[in-house]
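What follows is the residue order along each chain.
Number of protein chains: 2
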Amino acid sequence: MGHCINHPDRETQYICMKHKIYLCEDCLRCKDPKIYCKFRSSCPIWFLSKSRGGLDNEANQESVVESHTIIFLPDGKEAIMPKGSTLLDAALVAGVHLNASCNGKGACGKCKLVKVAGVVETTPTPLLTNHELEKGYLLACQSRITGDATVEIPREVIERKLKIAGMGKEISEKVKGLVTEIDPMLVCIPLTLSPPTLEDSVSDLDRLNRGLKKTGCDIARLNVGIKVMRQLAEAVRQDDWNITVSIIQRKCANEILEVLPGSGQHPNLGLAIDIGTTTIVVYLVDMADGKVLAAAAGHNSQASCGDDVINRIICAEKDGVKKLSTMVLATINGLIGEALDSVGGQVENIRNVAISGNTTMAHLLLQIEPRYIRRDPYIPTVTDFPILKAGEIGIRANPAAAVFIMPGPASYVGGDIVSGVLYTGFHRQELMTLFIDIGTNGEIVLGNKDWLMTAACSAGPAFEGGGIRWGMRAEEGAIEKIEIDHQSLAPTIVTVGDAPARGICGSGIIDLIAELLKAGIVDRSGRFVTGLTSDRVRYDGDEPFYILVFADETPMDEDIVFTQSDLKNLLYSKGAVYAGFTTLLAEAGMDFSMIDRMIITGGFGQYLNIEKAITIGLLPDIDRAKFAYMGNSSIVGSYMALLSGHYRLEARDISSNMTYVDFSTNPKYMDEFTSALFLPHTNLQAFPSVV
Amino acid sequence: MGHCINHPDRETQYICMKHKIYLCEDCLRCKDPKIYCKFRSSCPIWFLSKSRGGLDNEANQESVVESHTIIFLPDGKEAIMPKGSTLLDAALVAGVHLNASCNGKGACGKCKLVKVAGVVETTPTPLLTNHELEKGYLLACQSRITGDATVEIPREVIERKLKIAGMGKEISEKVKGLVTEIDPMLVCIPLTLSPPTLEDSVSDLDRLNRGLKKTGCDIARLNVGIKVMRQLAEAVRQDDWNITVSIIQRKCANEILEVLPGSGQHPNLGLAIDIGTTTIVVYLVDMADGKVLAAAAGHNSQASCGDDVINRIICAEKDGVKKLSTMVLATINGLIGEALDSVGGQVENIRNVAISGNTTMAHLLLQIEPRYIRRDPYIPTVTDFPILKAGEIGIRANPAAAVFIMPGPASYVGGDIVSGVLYTGFHRQELMTLFIDIGTNGEIVLGNKDWLMTAACSAGPAFEGGGIRWGMRAEEGAIEKIEIDHQSLAPTIVTVGDAPARGICGSGIIDLIAELLKAGIVDRSGRFVTGLTSDRVRYDGDEPFYILVFADETPMDEDIVFTQSDLKNLLYSKGAVYAGFTTLLAEAGMDFSMIDRMIITGGFGQYLNIEKAITIGLLPDIDRAKFAYMGNSSIVGSYMALLSGHYRLEARDISSNMTYVDFSTNPKYMDEFTSALFLPHTNLQAFPSVV
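Chains A and B supply the protein sequences, listed in that same order.
FYI, in our numbering the residues of the first sequence are 1 to 691.
FYI, in our numbering the residues of the second sequence are 1 to 691.
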């Protein structure tokens, strides 16, 4: 038994094994961040049961609680842990960051360690391969401490961390100069207030406001909540009137979110997040200088509810929107964790978040009813979002962190497109621009600084690898470039990271179709030519397919193939996109000749062969110099909005200035679509250089 | 077993006995107001245990659940209840309002009923007297239904209700014309939106904003929270785009609080509350026309922690501020309940609340740290409060109701004084005014439309009946007027409501001292004259006392007396007030001759004898025509702020324009105080007309 550190008058049996301090039951339940963070965030709390005899001093504590030392390599960090704790507990105590997205349930298999010395009691898990078990791998959350032990973080985990952190550096180079003046939504202002006297006896809150006014803060527009008022008297006095004030800046009014003792600088992190229907990307940003510290990407786990937004909405209608929100948050929060881990960042230091995503993704994330998006007349519930708090959404950040959601003009042209336009900046320029984002859907924007028109075409997820048997994202091992020898019909391939081929990404698929056409393996109508004699072209029943990589050259021991059905899906996708171009131009009374610049963004990966995209009729046959491929533009726009209030306003302007054209009931669009289902097109005159 | 009304695919054993509908376990736990209010607010939910056999249709339900009819007189309302429910449950179902401030715990003893016929199983309670038990009284929450029964609401409960409702009419007369333009903080705007089409496909939120803009609402300053966005799509569609929007108007930004289907008018109630250290007053107001529907007053239950603000703060430091908040909320919410009951009002229709109280009362109510109020240099945490929501404070109203707290300039001059000034209106006039509020403390304001000075003196609670053996509030049975015959020394008394005397209120105490002095029973130094032979003047040990009413004339069968100690306390109180006047005037370089008007407010009750107050030296000896007694001014100012945005702004101006003078270290104040401890004063020249 000992006295609670926070309530010295109370005796308690609970002891924190990290700090060796006692905490009463109230403190264990307490959510007060001051107590919670200081003594519990990474603490195993140990219960000293009465039957084992009370403890009165530090000396005989050790004799009763059997403890063991766990060493974590390669850094050599240590934790002294009571017997029976898990290695995941020990990692927390030692300050070693392990990725544990399932929160220690043994379900994600990510908290891998390798046992180097000592004994550990492990629960069998199907998440480790025999190969890994032989090498001494274990899951930290499934391993209980029974004696001293030394464990090591596997090299591949460290490599992945380094890569995630390294990607940040690369991206920082790329986004350099985009934001010149950093102006976060949530600012932390250090203040030193003059202590009160009988002559200067204004209230604490008035004193705080006076101090804020001196820093240039518009206190007439400043709100304060009851929680801040309740903690204010202690906060200002704890470090002798030195404080740090967190203020969230909103459209119409600012709010004091928190007043903390001490006026020292805290690390200030931000997140730029792009929620794609298929892929989610997270940038971890240093808000002080705009540096991207780390970047992580992963599959949207909503994919189990369907590939496209319509299926996601149907799923939300059936199972409730909360389920879809939980799914996307799992992916987002996992990626945030990876990014933080890779640079040793702390969740509570994330105070600003910017998110771009299409309208459905935004609704699902925020648990806003999406069902009317898919019903005529296709009405979203919200398109222009107020600044929210991370805690009310469920994003892994300081609960008070300010969250900006990119506005979007319509149900099928959302914040991801606005974000892309913001990045490419053509809404500020004279040049007439045709912008296309080819992600799971195809969204087109036409215009310049004077006007913007936009429309959406159901391109489907083929270019992101969806609906294609061996389709995949542009990750390591994805085939991104292909040439086919016209004699042997054998391909020469290039993969992402030069790794063994695991599948085909968007740019590889475009290459492949162009090459299949040029090599005479498929014809202009998109059908495999019959009667070819090659070990590359085979049949599965009636369905012909092309073998891109033989099984013995793949890590999966399976052929990587491209089938007639894959090709058909691709034709629909490319036809939908091209018909979108021509229909939108016609709506504006224009044609391709009037376009000064064509910007392509989307999930193709780093590389897109414009020439081959024209060959298959995905892109129009215009001057190649007019094309610019800009990769994932949505995440960059999100990064800009994260850092700059100017860009946040500009995003609102872009969204509200766009005129949306609905293709769903447009007869011209259906005609154009049908004509575009050929390679490159039924109208060859539109593709003179291909002919 | 049946199918859940909200989830037809689920079988459930729970049935709502009011609506005879089934609800699944999720629905029972659910806090969704749509489900909750519609099917659960006043429903006993009944569990159909499997062992008793499942139920498949309505017909044989009745045979399994034994139900009984309870009739409530005098209205004859009925409820059919399952055996074992309480009469309190039955009252809820029947729509009969019973006061049950302890929420059915059997602790408050307020839910009294009289059994007229039938049988009821009652748990014995000490809260009913033998006399009541003989008459068939029972507590509704402690009585279980075992058969059909008829019960009656006791006549005195109905009378009290009528009185509370009647007080509202009286007060309405009094406040008539004070507020000409009603402008609540939280407004409910009925809207009919144009349904969306393919041509007009803006989001639901944009459509709502567009509709609001047409009503003149400044949508640029309008915030909206995630909860509203989540419910918006359903809310707008449920009644075919007819909605009612609740908007809270704050200093710097407005917020959409709720969007409900249907554009019909809901009753719109408001509360004006005055939280005195001793007494709390509540007005229930119809926000449509400003009519006071009912008024209730009661003792602040914090009194158990001490009579004055200093003791309350000490108690908060010891036991936590939450305890004091809970106490004051218990009183406030009890009074709100009484006021609502008396006119059959609904809690959820209360959407606006204005509260005035001294600085300590405001801190304790809001659970804001009060400890620095009583420590040099006497700093309150907050003096100017943002508009809060009833739910975050704990006030019994719609949780979203807007709560305005009167601002106050200093630790010892709070919102109650600002509220009083607002009502009396001298801050708008030329006349030089001296304002005194004699409540548990004495606060003085000096000035006119050009400037305002204020100070506080520790008058103590004597004039509200505190610290006086037979002191009491100006309630029924309080002696409020006294004359003493100079020969017999026998008094002639007048009581409030002409009821048998139960104690002495503030105005009675002033009368009494003046009369004791004039009759020669006490001398100018405030001591009882020795050697008097009268059955009215006696001794308790060394201490002389005067018998005001003999035991046989009181309902308590005890003498109502006034002792030497009582007199001493009174002298201190009146000395503190008079010294306050002279010190504050001196600070302003003025004297009483420069005062055009003297306003007295406070807890004396309806009546204050100015002449006698001058006789004892509480008030200065100036032209009687300059005096105005205005009763409880704080509650009226609160009423004005409840209804008018103009007055809410004016209250802020009054508070920020007041110059606070601290008497705690003022040597002149101590001198003046000592001189004022005589009757009427050491300096008789200051009281020529008394001499």
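Please note: incorrect hints may appear among the correct ones.
Said to hold, decoys possible - Below, simulated DSSO-like cross-link-like pairs (lysine-lysine); rule was C-alpha separation at most 30 Å, straight line:
no. : chain 1 : residue 1 : chain 2 : residue 2
1   : B       : K449      : A       : K213
2   : A       : K227      : B       : K174
3   : A       : K227      : B       : K115
4   : B       : K77       : B       : K105
5   : A       : K318      : B       : K323
6   : A       : K112      : A       : K169
7   : A       : K449      : B       : K174
8   : B       : K174      : B       : K291
9   : B       : K227      : A       : K323
10  : A       : K213      : A       : K169
11  : B       : K115      : B       : K135
12  : B       : K77       : A       : K227
Unchecked claim - These stretches of chain A come out as covered by chain B in the derived footprint (C-beta under 8 Å, 3 or more residues):
no. : stretch
13  : 75 to 86
14  : 562 to 576
Said to hold, decoys possible - What follows is a set of in silico ranges between Cβ atoms, one per label pair, in the way DEER data are often shown:
no. : chain 1 : residue 1 : chain 2 : residue 2 : range
15  : B       : S194      : A       : E159      : 32 to 42 Å
16  : B       : N311      : A       : P190      : 50 to 60 Å
17  : A       : N242      : B       : R375      : 30 to 40 Å
No lab work stands behind these hints, which were simulated from the structure alone.
Ideal Cβ placement from N, Cα and C applies to all residues, glycine included.
Hint by hint, here is what the structure shows:
no.	hint	in the structure
1	B:K449 to A:K213	holds (28 Å)
2	A:K227 to B:K174	violated (38 Å)
3	A:K227 to B:K115	violated (48 Å)
4	B:K77 to B:K105	holds (24 Å)
5	A:K318 to B:K323	violated (46 Å)
6	A:K112 to A:K169	holds (26 Å)
7	A:K449 to B:K174	violated (64 Å)
8	B:K174 to B:K291	holds (11 Å)
9	B:K227 to A:K323	holds (17 Å)
10	A:K213 to A:K169	violated (38 Å)
11	B:K115 to B:K135	holds (9 Å)
12	B:K77 to A:K227	violated (44 Å)
13	75 to 86	violated (count 0)
14	562 to 576	violated (count 0)
15	B:S194 to A:E159: 32 to 42 Å	violated (59 Å)
16	B:N311 to A:P190: 50 to 60 Å	violated (38 Å)
17	A:N242 to B:R375: 30 to 40 Å	violated (20 Å)
In terms of the numbered hints stated before, the structure departs from hints 2, 3, 5, 7, 10, 12, 13, 14, 15, 16 and 17, listed from lowest to highest.
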